[in-house]
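Take the given structure of chain A and dock chain B to it, following the hints.
2 protein chains.
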Amino acid sequence: MTPRREMILSTLAAAVGPALGDDRDDAASRAKAHAEKTVRDHAHWMGDETIAMLLYPRFTALDLFGPQHMFGSLMGAKVLLVAETADPVPSHSGVKVVPTTTFADCPEKLSILFVPGGSDGTLEAAESPAVRRFVRSRGEEAEWVTSVCTGSIILGAARLLDGYKATSHWATRPQLALFGARPVDERVVIDRNRVTGAGVTSGIDFGLTLVQKLRGTECAQVAQLLSEYDPRPPLVAGSEAKAPKEVVTMTREMFRDYNARIERIAKTTR
Amino acid sequence: MTPRREMILSTLAAAVGPALGDDRDDAASRAKAHAEKTVRDHAHWMGDETIAMLLYPRFTALDLFGPQHMFGSLMGAKVLLVAETADPVPSHSGVKVVPTTTFADCPEKLSILFVPGGSDGTLEAAESPAVRRFVRSRGEEAEWVTSVCTGSIILGAARLLDGYKATSHWATRPQLALFGARPVDERVVIDRNRVTGAGVTSGIDFGLTLVQKLRGTECAQVAQLLSEYDPRPPLVAGSEAKAPKEVVTMTREMFRDYNARIERIAKTTR
Chain A
15 MTPRREMILS
25 TLAAAVGPAL
35 GDDRDDAASR
45 AKAHAEKTVR
55 DHAHWMGDET
65 IAMLLYPRFT
75 ALDLFGPQHM
85 FGSLMGAKVL
95 LVAETADPVP
105 SHSGVKVVPT
115 TTFADCPEKL
125 SILFVPGGSD
135 GTLEAAESPA
145 VRRFVRSRGE
155 EAEWVTSVCT
165 GSIILGAARL
175 LDGYKATSHW
185 ATRPQLALFG
195 ARPVDERVVI
205 DRNRVTGAGV
215 TSGIDFGLTL
225 VQKLRGTECA
235 QVAQLLSEYD
245 PRPPLVAGSE
255 AKAPKEVVTM
265 TREMFRDYNA
275 RIERIAKTTR
Chain B
15 MTPRREMILS
25 TLAAAVGPAL
35 GDDRDDAASR
45 AKAHAEKTVR
55 DHAHWMGDET
65 IAMLLYPRFT
75 ALDLFGPQHM
85 FGSLMGAKVL
95 LVAETADPVP
105 SHSGVKVVPT
115 TTFADCPEKL
125 SILFVPGGSD
135 GTLEAAESPA
145 VRRFVRSRGE
155 EAEWVTSVCT
165 GSIILGAARL
175 LDGYKATSHW
185 ATRPQLALFG
195 ARPVDERVVI
205 DRNRVTGAGV
215 TSGIDFGLTL
225 VQKLRGTECA
235 QVAQLLSEYD
245 PRPPLVAGSE
255 AKAPKEVVTM
265 TREMFRDYNA
275 RIERIAKTTR
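Here the protein sequences come in this chain order: A and B.
Note that our numbering has the first sequence beginning at 15, numbered continuously upward.
Note that our numbering has the second sequence beginning at 15, numbered continuously upward.
Keep in mind the hints are simulated off the structure, nothing from the lab.
These numbers come from a predicted model, not from an experiment.
Treat the hints loosely; a few may be bogus.
Identical chains blur together in the list; that is why a pair holds if it fits in one copy or across any two.
Unchecked claim - As a list, the in silico BS3-like pairs of lysine-lysine whose alpha-carbon atoms are at most 25 Å apart:
id : residue 1 : residue 2
1  : Lys123    : Lys92
2  : Lys179    : Lys51
3  : Lys256    : Lys227
4  : Lys281    : Lys51
If we strip away everything but chain A, and leave its shape as in the complex, we get:
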């Protein structure tokens, strides 16, 4: 038995273990037989990806934790939280997250490079030569180059979206064209090995899409059911088309300076 099969076996055996109160010996042998069969049926659920998720000051926590939750269903994958230094990184709202790896220690060859968005911190990251250098070097080698929300602005500034279809937060989506990308109004956009999600909450759709690509439909269905992803927004205002006009106008106003700054970044990085 390969180590990989051992791991699947123990993971699944735990899930299908004998119920309390069963006769122990009998239950144990039934559980073993059940687990063996489950292993045979689900060998493709196991992988060995190395996934690096970028942390930078004032990233949007939910941009990261939606996909990070779904990546948890990629059995066998290693998920790294990578920052410039080992210090805890404050999110936009001030939550401090401890990185697992620094830029210097991050493996060069990644299965997935993931970049979350955020507000002004995202633009500072896009302006930082160290961040751009890291994102570009890992992005050029990674099997999948991905982002959620305005994380795509960082990918653009690292010149990883030139000639690719991509998306971003709805209010900054047109700005992707400044980096040579072709903005697409979809929740998750896949163009060759680039996978970009729209604003914040799209990270959940984005994450499930990648789980399905990497482990197949049944594994993604389990991930969806485990996270009870049967959304029922209490209001209808989640897109430019659906929200009341005044709400769109007010929200768009908030991005005026932000988008002007993206324009300046695009000029200096192309």
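Chain B alone, transformed into the frame defined by chain A:
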């Protein structure tokens, strides 16, 4: 002008600030007038809640970061991440989050007490006398007592759901009855001042629901549009009713030992 109005003014003035290239003086006075009007129109968007979100080892990160993102729209509210000690708290998947406050330093009177769910760590928290004591003491005084996913098992073990309608992760929902609650199959359940969400991703619906309750519909619409919450799951498997039967069976199996342990917790805490 009260300090509260000052805060709204500066927050909104930033959002509606003059566009680049405008004539500075003229633009500044227009922006000031605009911001003043916006303040008058949106004074109810400002509050002063104290919100405590519980951290414990092996909580599910997304259970917390969905609601935490939406709470970010509650202008003027203070959001605390409260743990037993000041040490970083590892989530179920190993992400370490730094608390802002300890049990000992947490204010006694909270606007919202929030408890996230998780896997075995949640049951350890429910078994911990220190956690139960903290949750019960703050829950008895809080204006809103809330949870997402199996966080409701902790509320139940702290005897805060006796006689209340409530929900939990679908696979543990019936177990709420063991704590005297009335399990309800809805995504967000409100009974008097108890607000409980279903599994993991329901935290986003839950958070928006609370924003609407505390700040009104327009503010919640802005929060929804800012987070582009227009979900489009790539698969249809987010509930027991919608997922394929084999997927439901396999996923339910994973909760067999978990639910047996909840039963034992209920016996020792009632």
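Structure-based check of each hint:
1. Lys123 to Lys92: within (13 Å within a copy, 41 Å between copies)
2. Lys179 to Lys51: neither (42 Å within a copy, 41 Å between copies)
3. Lys256 to Lys227: between (30 Å within a copy, 21 Å between copies)
4. Lys281 to Lys51: neither (57 Å within a copy, 36 Å between copies)
Hints 2, 4, counting from the list given before, are not met by this structure.
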